[in-house]
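Q: Residues per chain, in single letters:
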Amino acid sequence: EPEVTQTPSHQVTQMGQEVILRCVPISNHLYFYWYRQILGQKVEFLVSFYNNEISEKSEIFDDQFSVERPDGSNFTLKIRSTKLEDSAMYFCASRRPQGSGTEAFFGQGTRLTVV
Amino acid sequence: AQSVTQPDIHITVSEGASLELRCNYSYGATPYLFWYVQSPGQGLQLLLKYFSGDTLVQGIKGFEAEFKRSQSSFNLRKPSVHWSDAAEYFCAVAPNTNAGKSTFGDGTTLTVKP
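Listed in order, the protein sequences are those of chains Y and G. Going by the numbering used here, the first sequence runs without a break in its numbering and finishes at 171. Going by the numbering used here, the second sequence runs without a break in its numbering and finishes at 286.
In case anyone wonders, no lab produced these hints; they're calculated from the structure. Predicted model only: the values in this text are computed from it and were never measured.
Heads up, incomplete: computed chain G residues facing chain Y, CB under 10 angstroms, no partners named:
#: 1; residue: 178
#: 2; residue: 210
#: 3; residue: 216
#: 4; residue: 221
#: 5; residue: 264
#: 6; residue: 270
#: 7; residue: 271
#: 8; residue: 275
#: 9; residue: 279
Glycine is no exception: its CB is placed at the ideal position from the N, C-alpha and C atoms.
My request is simple: use the sequences and hints to build the entire structure.
A: Structure (structure tokens):
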């Protein structure tokens with residue numbers, strides 16, 4: 057069964073460093089998403105991406121964040137200068153085009169720890 | 173904008189007892205609705221979803237949920253809880269224009285007593 061794959065499963069970084077979280081969406085999916093979940097809190101939408109551009113983003117997704125689909129298979133989230141409060145689980149998700157059984161499939165997440 | 177309320181932060185049930193987890197949503201039209209389960213430190217597993225049609229939906233692991241438009245609710249039920257059901261449960265709502273942009277509730281932690 058196809059699945060969304062995220063690497064690494066856990067990343068530790070120093071405050072102020074840049075970090076890139078990587079995701080391989082399901083191959084025939086066209087919509088891509090990042091969510092985050094701070095420990096003990098709910099899952100929050102960050103950004104959606106379609107046709108090589110951001111289609112929607114939340115207030116959380118400020119200038120420190122960027123997303124990219126550098127090739128035909130990967131989808132990345134970059135945090136430019138990490139802060140302690142960026143420590144969270146980050147989930148990537150993807151889905152097929154609208155109107156064809158359209159729930160998003162989530163990856164297992166990358167736990168980011170900023171020290 | 174859509175929103176989700178899960179009124180119960182923590183629920184404890186005995187193994188074998190029935191379960192109902194509540195979810196209320198706010199959205200201007202008929203939304204897409206989801207229930208996810210998350211074990212500690214793990215990812216999100218989709219239990220079931222509602223897009224349209226039959227308002228009683230069946231999911232995995234013996235779970236079901238009923239969409240009630242008049243009450244803006246999408247409560248999750250299971251007739252007999254197993255110890256392995258202990259986890260965090262999230263209700264989520266997405267607009268019918270972007271099924272991947274979900275707004276999640278705060279979650280309900282389920283504890284199962286032996």
